[in-house]
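Trainee: Next come the chains, spelled out residue by residue.
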Amino acid sequence: MPIDWVVHANQYYQGQGFPPYMWSVFEDSPWTLFEKTLDQSRIALLSSAGISRDDQVPFDPWALNDLSFRRIPVDTPFERLKLHHNFFDHRDALKDFNCVFPVQRLRELEQAGFIGSLAPEAITLGMGRLYKREALQEQTVPRIVEVLKAEGADAVLLVAG
Amino acid sequence: MAQVRPPRGVFLDFPLGRTCGRPNNLEEQTNILKDALQALVRIKTPGQMVDLPYEWGRPFTIQDYVREQKEMLEEKGEPMQEWLPKK
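Order-wise, the sequence lines are chains A and B. Residue numbers are given in my numbering: position 9 of the first sequence equals residue 9, and the series is strictly consecutive. Residue numbers are given in my numbering: position 69 of the second sequence equals residue 69, and the series is strictly consecutive.
It cannot be assumed that every hint is accurate.
Think about it this way: if two alpha-carbon atoms lie no more than 27 Å apart in a straight line, the pair counts; the simulated DSS-like pairs of lysine-lysine are [said to hold, decoys possible]:
#1 K34/B x K44/B
#2 K34/B x K95/A
#3 K149/A x K132/A
#4 K82/A x K70/B
#5 K76/B x K82/A
#6 K44/B x K149/A
#7 K36/A x K34/B
#8 K34/B x K149/A
#9 K36/A x K44/B
#10 K70/B x K95/A
#11 K76/B x K95/A
#12 K82/A x K34/B
#13 K82/A x K132/A
#14 K95/A x K82/A
These are computed hints drawn from the structure, not numbers from a lab.
Pulled out of the complex, with its shape left as it was, chain A reads as follows (with noise of 0.2 Å):
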């Protein structure tokens, strides 16, 4: 049975003081026919789970509001990976980054010829608990728009962490 989170997230925050959380419900889909065949296509990664390279600034795991994302090329080795997420239990991503950054796996499917090819930088978001949906939507997605259409993307996988 899966967990309802909605109704975890309203109880766990309500029963602090918050008042309710507005979510985002929305009654249609964007859409845009997708004509290619997978082998076709460059398939991007985008991931929240909080990872960053050894180079960048990390992701604050408590951050509220952190609308900012990382650029992660996918032949980065995984020692080089720092994950900091303290909403999920992220041990077994660190043994295996793979569980939420499946970047070897999506790597191995391309050599397959599964997929055409993967975008050669991965986009990474931190933290959830952003609040400032207008902000994500108008400042944040735009470029992280930009990126993938620079990298050739025709889809991207989108990885909750």
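Following the hints, complete the assembly by docking chain B onto the known chain A.
Mentor: Using the frame of chain A, we list chain B on its own:
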């Protein structure tokens, strides 16, 4: 996720932090990713979410999540953040 309605989605009923499968389980991770990528070309209805067939193998609950988060923080030597809303 059902409320947010991404254009195409797949749902894996695993505890948080294993979004693409168990650590070092190459076959499982590869299968999950293949399913997710195939959803890109197969889903024709905007907002559709497909349930993946993989099972964690034992029940897990919110209480497990809370307990595991505490354990993880204890191992790191980091206290749980306590913050109260501003009055």
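Trainee: Which earlier hints turn out false for this structure, listed by number in ascending order?
Mentor: When the structure is compared with the hints, none of them turns out to be violated.
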